[in-house]
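Protein chains in written order, with full-length UniProt numbering: chain A, 1 to 592; chain B, 1 to 433.
Please note: incorrect hints may appear among the correct ones.
Said to hold, decoys possible - Below are the DSS-like pairs computed for lysine-lysine, each with C-alpha atoms no more than 30 Å apart in a straight line: (1) B:403 to A:419; (2) B:379 to B:391; (3) B:253 to A:295; (4) B:391 to B:403; (5) A:258 to B:253; (6) A:269 to B:250; (7) B:250 to A:295; (8) A:37 to B:109; (9) B:74 to B:123; (10) B:253 to B:234; (11) A:258 to B:278; (12) B:391 to A:136; (13) A:275 to A:258; (14) B:204 to B:331; (15) B:253 to B:318; (16) B:123 to A:36; (17) B:204 to B:250; (18) B:109 to B:234; (19) A:205 to A:136; (20) A:545 to A:530; (21) B:109 to A:258; (22) B:331 to B:253; (23) A:419 to B:278; (24) B:109 to A:36; (25) B:123 to A:37; (26) B:204 to A:258; (27) A:334 to B:204.
Unchecked claim - Interface residues of chain B toward chain A, partial, derived using beta-carbon atoms under 7 Å: (28) 70; (29) 226; (30) 239; (31) 243.
Quick caveat, the hints were computed from the structure, so don't treat them as lab data. Ideal Cβ positions, reconstructed from N, Cα and C, are used throughout, including at glycine.
Take a look at the letters that make up each chain.
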Amino acid sequence: MSKMAGADGDDSLYPIAVLIDELRNEDVQLRLNSIKKLSTIALALGVERTRTELLPFLTDTIYDEDEVLLALAEQLGSFTVLVGGPEYVHCLLPPLESLATVEETVVRDKAVESLRKISHEHSPEDLEAHFEPLVKRLASGDWFTSRTSACGLFSVCYPRVSKSTKSEIRQHFRTLCSDDTPMVRRAAASKLGEFAKVLELEYVKSDLIPLFAALASDEQDSVRLLAVEACVSIAQLLPQEDLEKLVMPTLRQATEDKSWRVRYMVADKFSELQKAVGPEITENDLVPSFQNLLKDCEAEVRAAAANKVKEFCENLPADSRETIIMNSILPCVKELVSDTNQHVKSALASVIMGLSTILGKDNTIEHLLPLFLAQLKDECPEVRLNIISNLDCVNEVIGIRQLSQSLLPAIVELAEDAKWRVRLAIIEYMPLLAGQLGMEFFDEKLNSLCMAWLVDHVYAIREAATCNLMKLVERFGASWAQSTIVPKVLGMASDPNYLHRMTTLFCISALSEACGQEITTKQMLPIVLKMSEDQVANVRFNVAKSLQKIGPVLENSALQAEVRPVLEKLATDQDMDVKYFAQEAMTVLSLA
Amino acid sequence: IPPEGIHLLQQQHTDIISTVEFNHTGELLATGDKGGRVVIFQREQESKNQPHRRGEYNVYSTFQSHEPEFDYLKSLEIEEKINKIRWLPQQNAAYFLLSTNDKTVKLWKVSERGRRPEGYNLKDDDGRIRDPSTITMLRVPVLQPMDLMVEATPRRVFSNAHTYHINSISVNSDYETYMSADDLRINLWNLEITNRSFNIVDIKPANMEELTEVITAAEFHPNQCNTFVYSSSKGTIRLCDMRAAALCDKHSKFFEEPEDPSNRSFFSEIISSISDVKFSHSGRYMMTRDYLTVKVWDLNMESRPLETYQVHDYLRSKLCSLYENDCIFDKFECVWNGSDSVIMTGSYNNFFRMFDRNTKRDVTLEASRENSKPRAILKPRKVCVGGKRRKDEISVDSLDFSKKILHSAWHPSENIIAVAATNNLYIFQDKVN
Numbered sequence: 001m002s003k004m005a006g007a008d009g010d011d012s013l014y015p016i017a018v019l020i021d022e023l024r025n026e027d028v029q030l031r032l033n034s035i036k037k038l039s040t041i042a043l044a045l046g047v048e049r050t051r052t053e054l055l056p057f058l059t060d061t062i063y064d065e066d067e068v069l070l071a072l073a074e075q076l077g078s079f080t081v082l083v084g085g086p087e088y089v090h091c092l093l094p095p096l097e098s099l100a101t102v103e104e105t106v107v108r109d110k111a112v113e114s115l116r117k118i119s120h121e122h123s124p125e126d127l128e129a130h131f132e133p134l135v136k137r138l139a140s141g142d143w144f145t146s147r148t149s150a151c152g153l154f155s156v157c158y159p160r161v162s163k164s165t166k167s168e169i170r171q172h173f174r175t176l177c178s179d180d181t182p183m184v185r186r187a188a189a190s191k192l193g194e195f196a197k198v199l200e201l202e203y204v205k206s207d208l209i210p211l212f213a214a215l216a217s218d219e220q221d222s223v224r225l226l227a228v229e230a231c232v233s234i235a236q237l238l239p240q241e242d243l244e245k246l247v248m249p250t251l252r253q254a255t256e257d258k259s260w261r262v263r264y265m266v267a268d269k270f271s272e273l274q275k276a277v278g279p280e281i282t283e284n285d286l287v288p289s290f291q292n293l294l295k296d297c298e299a300e301v302r303a304a305a306a307n308k309v310k311e312f313c314e315n316l317p318a319d320s321r322e323t324i325i326m327n328s329i330l331p332c333v334k335e336l337v338s339d340t341n342q343h344v345k346s347a348l349a350s351v352i353m354g355l356s357t358i359l360g361k362d363n364t365i366e367h368l369l370p371l372f373l374a375q376l377k378d379e380c381p382e383v384r385l386n387i388i389s390n391l392d393c394v395n396e397v398i399g400i401r402q403l404s405q406s407l408l409p410a411i412v413e414l415a416e417d418a419k420w421r422v423r424l425a426i427i428e429y430m431p432l433l434a435g436q437l438g439m440e441f442f443d444e445k446l447n448s449l450c451m452a453w454l455v456d457h458v459y460a461i462r463e464a465a466t467c468n469l470m471k472l473v474e475r476f477g478a479s480w481a482q483s484t485i486v487p488k489v490l491g492m493a494s495d496p497n498y499l500h501r502m503t504t505l506f507c508i509s510a511l512s513e514a515c516g517q518e519i520t521t522k523q524m525l526p527i528v529l530k531m532s533e534d535q536v537a538n539v540r541f542n543v544a545k546s547l548q549k550i551g552p553v554l555e556n557s558a559l560q561a562e563v564r565p566v567l568e569k570l571a572t573d574q575d576m577d578v579k580y581f582a583q584e585a586m587t588v589l590s591l592a
Numbered sequence: 001i002p003p004e005g006i007h008l009l010q011q012q013h014t015d016i017i018s019t020v021e022f023n024h025t026g027e028l029l030a031t032g033d034k035g036g037r038v039v040i041f042q043r044e045q046e047s048k049n050q051p052h053r054r055g056e057y058n059v060y061s062t063f064q065s066h067e068p069e070f071d072y073l074k075s076l077e078i079e080e081k082i083n084k085i086r087w088l089p090q091q092n093a094a095y096f097l098l099s100t101n102d103k104t105v106k107l108w109k110v111s112e113r114g115r116r117p118e119g120y121n122l123k124d125d126d127g128r129i130r131d132p133s134t135i136t137m138l139r140v141p142v143l144q145p146m147d148l149m150v151e152a153t154p155r156r157v158f159s160n161a162h163t164y165h166i167n168s169i170s171v172n173s174d175y176e177t178y179m180s181a182d183d184l185r186i187n188l189w190n191l192e193i194t195n196r197s198f199n200i201v202d203i204k205p206a207n208m209e210e211l212t213e214v215i216t217a218a219e220f221h222p223n224q225c226n227t228f229v230y231s232s233s234k235g236t237i238r239l240c241d242m243r244a245a246a247l248c249d250k251h252s253k254f255f256e257e258p259e260d261p262s263n264r265s266f267f268s269e270i271i272s273s274i275s276d277v278k279f280s281h282s283g284r285y286m287m288t289r290d291y292l293t294v295k296v297w298d299l300n301m302e303s304r305p306l307e308t309y310q311v312h313d314y315l316r317s318k319l320c321s322l323y324e325n326d327c328i329f330d331k332f333e334c335v336w337n338g339s340d341s342v343i344m345t346g347s348y349n350n351f352f353r354m355f356d357r358n359t360k361r362d363v364t365l366e367a368s369r370e371n372s373k374p375r376a377i378l379k380p381r382k383v384c385v386g387g388k389r390r391k392d393e394i395s396v397d398s399l400d401f402s403k404k405i406l407h408s409a410w411h412p413s414e415n416i417i418a419v420a421a422t423n424n425l426y427i428f429q430d431k432v433n
């Protein structure tokens with residue numbers, strides 16, 4: 001910015017003046033920019049004017065775009081110093097209060113977050129005098145947006161207020177739990193857990209448990225399912241002997257809820273629930289519940305439960321773990337392997353391999369291996385992929401050789417799948433497989449697949465195949481590369497299809513570093529240089545790009561004697577792109 | 001039907017109206033039209049000197065909700081016509097509504113602004129740029145009262161989820177989700193998420209040549225969040241329970257009236273197609289409209305409707321010509337009054353019908369400027385079927401089929417109705433002493 005302030009004006013005021021005016025600019029981006037620099041404005045105005053002028057203005061700015069309001073809500077959370085310190089922190093309440101009533105959830109949540117943050121900066125007196133009345137106003141507001149916001153504020157002021165105010169807060173929370181609108185009941189249900197944490201245990205039992213039970217049997221599915229989450233936090237707070245009486249009836253009811261969404265939630269939160277209720281209840285209650293969820297009539301629920309199989313088994317008490325898995329869980333898992341829904345099967349396939357470490361070698365061979373083999377033959381590619389991607393767990397326990405017989409056909413089939421995304425996925429597992437299966441097996445069975453992908457008709461596959469080669473060379477070493485890969489890659493340089501010729505260049509760029517100077521100079525460089533004569537301009541400019549890439553691997557003498565003349569010639573090419581990339585390469589390699 | 005009769009409250013001239021809907025309090029009335037516009041009317045506050053004359057609806061906000069579009073991939077024009085409007089329960093001082101055309105649902109916010117910030121640093125009060133050297137102190141804008149401004153802003157656009165034409169939208173009682181139904185599919189949306197919806201009903205056959213039935217309307221139950229119904233072109237209604245499964249391809253109830261073989265004709269299937277389905281406010285009943293009748297069903301009885309009302313049975317003999325001029329495919333809507341005791345639906349010749357479910361009385365009224373002066377009681381109309389026409393009767397042959405009342409709405413708690421007659425909106429109210 002040019003210096004515009006004259007001799008009479010104050011130099012430092014002008015930029016601030018611009019910022020203040022841009023708070024109302026038509027361009028959202030400028031308004032946003034100004035709001036993000038609100039602290040600069042406040043600093044220039046001083047604490048007094050910030051309190052008396054800026055904050056009242058901001059309180060009425062709630063008509064703006066969401067992103068501006070979101071930034072404002074966030075800024076105000078760390079504004080305490082700018083209004084004069086904790087003594088005046090309550091001045092920030094009015095603008096945050098109005099932001100807590102807007103319809104946009106992210107803005108409201110951010111306003112609540114900032115309110116929670118500044119609540120800690122209130123002295124106990126200010127909390128009673130200013131903050132708590134705000135919570136009450138929101139809690140009894142006409143519109144449900146303000147009441148939902150109130151739900152998130154009870155827990156921060158409760159521990160720091162007087163006994164009588166505490167009782168009022170509990171009353172407000174009770175009221176909101178039975179609010180007319182499901183929005184508010186949902187907000188209350190989702191904050192039940194955190195409120196329980198700050199409440200005295202006697203009130204948890206006398207006040208919250210009945211509310212919890214009521215929300216858990218709400219007529220709205222969307223409220224009931226949130227009570228499942230509250231189950232976890234409440235169970236953590238209560239002594240073990242109270243769980244059976246106070247939590248388990250509700251949890252049992254949720255596991256058998258008529259709505260699949262509620263049962264889904266139970267399945268989704270199963271590991272947390274398991275940890276919260278402890279080993280004894282898990283054994284008596286959760287195991288049968290888990291079996292039911294694995295056999296649920298809704299596929300979404302079965303899939304969510306299948307996802308938890310490994311974690312659930314891991315967290316079972318050590319002394320009875322194997323018995324429970326073998327007698328209760330494995331029979332259900334066996335059925336899921338042939339489930340009608342592919343999402344269920346693929347969820348299971350993503351965790352089932354993990355069971356082998358828990359069950360040990362003998363059980364894995366006898367019971368799990370048949371399941372793995374069945375899944376490797378599944379009609380759905382995602383199931384096969386999930387098994388293959390987790391091979392390392394099994395390798396540790398029984399060695400991969402047990403599987404290799406079935407593995408190979410599965411890999412080959414995926415490698416040739418009609419969907420290119422499936423082919424792409426399997427390519428990504430090749431380095432992993434190569435490590436597990438060893439060089440010999442790889443050369444014999446998989447190498448040809450890797451080479452075939454280089455001429456795939458989808459670019460993404462050719463690109464991934466190139467990258468795969470690089471990783472294989474990193475694993476198996478340069479001499480392996482020289483004997484197996486390099487000849488085939490270089491052979492493609494004279495392919496009639498220019499796309500394949502370009503693949504050669506891409507491979508060389510990717511492999512040169514892993515292959516080292518000797519192979520690069522002696523075998524790769526001559527081919528690249530020869531290709532600079534190619535008829536297709538795309539090939540020629542990729543020659544320039546490749547040279548730029550392999551240049552650092554080459555000796556300086558080769559660079560000067562062989563690369564420079566070729567690049568110089570390409571720099572005078574009739575094609576613009578060839579010229580451009582040749583010049584770029586020369587600059588990068590300091591040959592210009 | 002109010003015993004004192006009803007009178008014309010006011011009339012508004014607009015573009016061809018395609019949907020009418022009161023909000024939950026009845027304070028606002030929204031109309032959508034063929035040009036993609038939404039017009040919102042607000043009820044006048046009760047005035048002190050005329051306590052009984054309360055209630056005219058004045059234009060509150062007008063905005064362009066949808067624009068004509070062109071789908072380049074399918075070479076199809078997408079009309080801007082508003083097919084449905086649904087109000088959301090009020091969540092703060094602003095009002096929210098969903099409006100949809102054939103393909104895209106939009107969430108609109110209508111809010112008021114009564115104050116405006118004033119005072120710039122770089123400009124003086126007349127808008128002239130100030131010399132920067134004269135800026136010696138900072139000015140923070142101050143809010144000043146201004147004339148009330150109502151603005152409508154699009155908050156969400158829910159697009160790319162419908163291959164066919166959207167015929168219905170309905171907000172769930174959880175206030176969190178809504179559904180949109182087209183000819184073959186129903187999708188479930190979260191009101192806050194625009195890039196994802198869940199398909200809950202799909203009746204598209206693998207082979208489109210096997211298509212025998214389309215979805216004509218769908219609605220959520222007013223208080224059971226898991227229940228919704230959809231009607232079909234075959235005259236049946238399916239009730240689905242979303243608790244049972246994620247995909248509701250299996251209905252839990254199937255409402256169908258056995259066909260009367262004596263009435264069977266070439267037109268049977270066409271006239272049995274359901275054009276609208278509405279739950280009663282209590283949630284105990286639902287009402288369906290087909291070409292000639294309106295039926296009330298008890299949700300607990302699937303085998304036949306509880307009540308059947310003839311809307312214009314005199315047209316039964318004219319189906320052939322109604323088929324030729326395409327009128328037979330008109331989609332009439334139907335509405336309940338606030339206490340579910342009276343139902344209303346439209347007909348031709350600017351006639352609309354009301355049926356009192358308790359007294360079994362029914363009446364035909366006419367929405368027209370010529371035949372009703374403001375505040376005059378509407379005279380019941382009669383259509384004569386026989387050869388002999390009595391005074392005040394109109395013969396079937398002289399009915400004007402281009403004047404049809406397809407869309408209407410009933411105030412949620414009072415006897416105020418809004419009736420759309422092509423490009424006129426009539427608001428009627430029962431007579432107050």
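How the hints compare with the structure:
1. Restraint check for residue 403 of chain B and residue 419 of chain A: the C-alpha separation of about 56 Å exceeds 30 Å, so the hint is violated.
2. Distance check on the hinted pair: residue 379 of chain B and residue 391 of chain B sit about 13 Å apart at the alpha-carbon level, within 30 Å; holds.
3. Between residue 253 of chain B and residue 295 of chain A the alpha-carbon distance is near 25 Å, which keeps this suggested pair within the 30 Å criterion.
4. The suggested pairing of residue 391 of chain B with residue 403 of chain B holds, with an alpha-carbon distance near 22 Å, which does not exceed 30 Å.
5. Between residue 258 of chain A and residue 253 of chain B the alpha-carbon distance is near 17 Å, which keeps this suggested pair within the 30 Å criterion.
6. Between residue 269 of chain A and residue 250 of chain B the CA atoms are separated by roughly 28 Å; this keeps the pair inside 30 Å, and the hint holds.
7. Note on residue 250 of chain B and residue 295 of chain A: the hinted pairing holds, with a Cα-Cα distance of about 20 Å set against a maximum of 30 Å.
8. The suggested pairing of residue 37 of chain A with residue 109 of chain B holds, with an alpha-carbon distance near 29 Å, which does not exceed 30 Å.
9. Pair hint residue 74 of chain B plus residue 123 of chain B does not hold up; C-alpha atoms about 52 Å apart against a cutoff of 30 Å.
10. Taken as a hint, the residue 253 of chain B and residue 234 of chain B pair is honoured in the structure, with Cα atoms around 16 Å apart against an allowance of 30 Å.
11. For the suggested pair residue 258 of chain A and residue 278 of chain B, the alpha carbons sit about 26 Å apart, so the restraint of at most 30 Å is met.
12. At most 30 Å may separate the alpha-carbon atoms for a hinted pair to count; residue 391 of chain B and residue 136 of chain A exceed this at roughly 67 Å.
13. Note on residue 275 of chain A and residue 258 of chain A: the hinted pairing holds, with a Cα-Cα distance of about 25 Å set against a maximum of 30 Å.
14. For the proposed pair residue 204 of chain B and residue 331 of chain B, the alpha carbon gap of about 22 Å is at most 30 Å, so the pair holds.
15. Simply put, residue 253 of chain B and residue 318 of chain B have alpha-carbon atoms about 34 Å apart, too far for the 30 Å limit, and the pair is violated.
16. Of the pairs offered as hints, the one joining residue 123 of chain B and residue 36 of chain A holds, with about 23 Å between alpha carbons and a cut-off of 30 Å not exceeded.
17. Taking the CA atoms of residue 204 of chain B and residue 250 of chain B, the gap is about 14 Å. The hint holds against a cut of 30 Å.
18. As the CA atoms of residue 109 of chain B and residue 234 of chain B are separated by approximately 37 Å, the hinted pair breaks the 30 Å bound.
19. Of the supplied pair hints, the one linking residue 205 of chain A and residue 136 of chain A holds, its CA atoms being roughly 24 Å apart against a limit of 30 Å.
20. Between residue 545 of chain A and residue 530 of chain A the CA atoms are separated by roughly 14 Å; this keeps the pair inside 30 Å, and the hint holds.
21. Taking the CA atoms of residue 109 of chain B and residue 258 of chain A, the gap is about 36 Å. The hint is violated against a cut of 30 Å.
22. A threshold of 30 Å between alpha carbons decides the hint, and for residue 331 of chain B with residue 253 of chain B the separation of about 24 Å falls inside it, so the pair holds.
23. Simply put, residue 419 of chain A and residue 278 of chain B have alpha-carbon atoms about 45 Å apart, too far for the 30 Å limit, and the pair is violated.
24. As the CA atoms of residue 109 of chain B and residue 36 of chain A are separated by approximately 26 Å, the hinted pair is consistent with the 30 Å bound.
25. At roughly 21 Å between alpha-carbon atoms, residue 123 of chain B and residue 37 of chain A fall within 30 Å of each other, so this suggested pair holds.
26. A hinted pair counts as satisfied when its Cα atoms are at most 30 Å apart, and residue 204 of chain B with residue 258 of chain A qualifies at roughly 28 Å.
27. At most 30 Å may separate the alpha-carbon atoms for a hinted pair to count; residue 334 of chain A and residue 204 of chain B exceed this at roughly 34 Å.
28. Taking 7 Å as the C-beta contact cut-off toward chain A, the hint placing residue 70 of chain B at the interface is violated, the least distance being around 29 Å.
29. The beta carbon of residue 226 of chain B is positioned within 7 Å of a beta carbon in chain A (closest approach about 6 Å), and the interface hint is therefore held.
30. At about 15 Å, the closest approach between the beta carbon of residue 239 of chain B and any beta carbon in chain A exceeds 7 Å, and the interface hint on this residue is violated.
31. Restraint check, residue 243 of chain B versus chain A: the minimum CB separation of about 4 Å is within 7 Å; hint holds.
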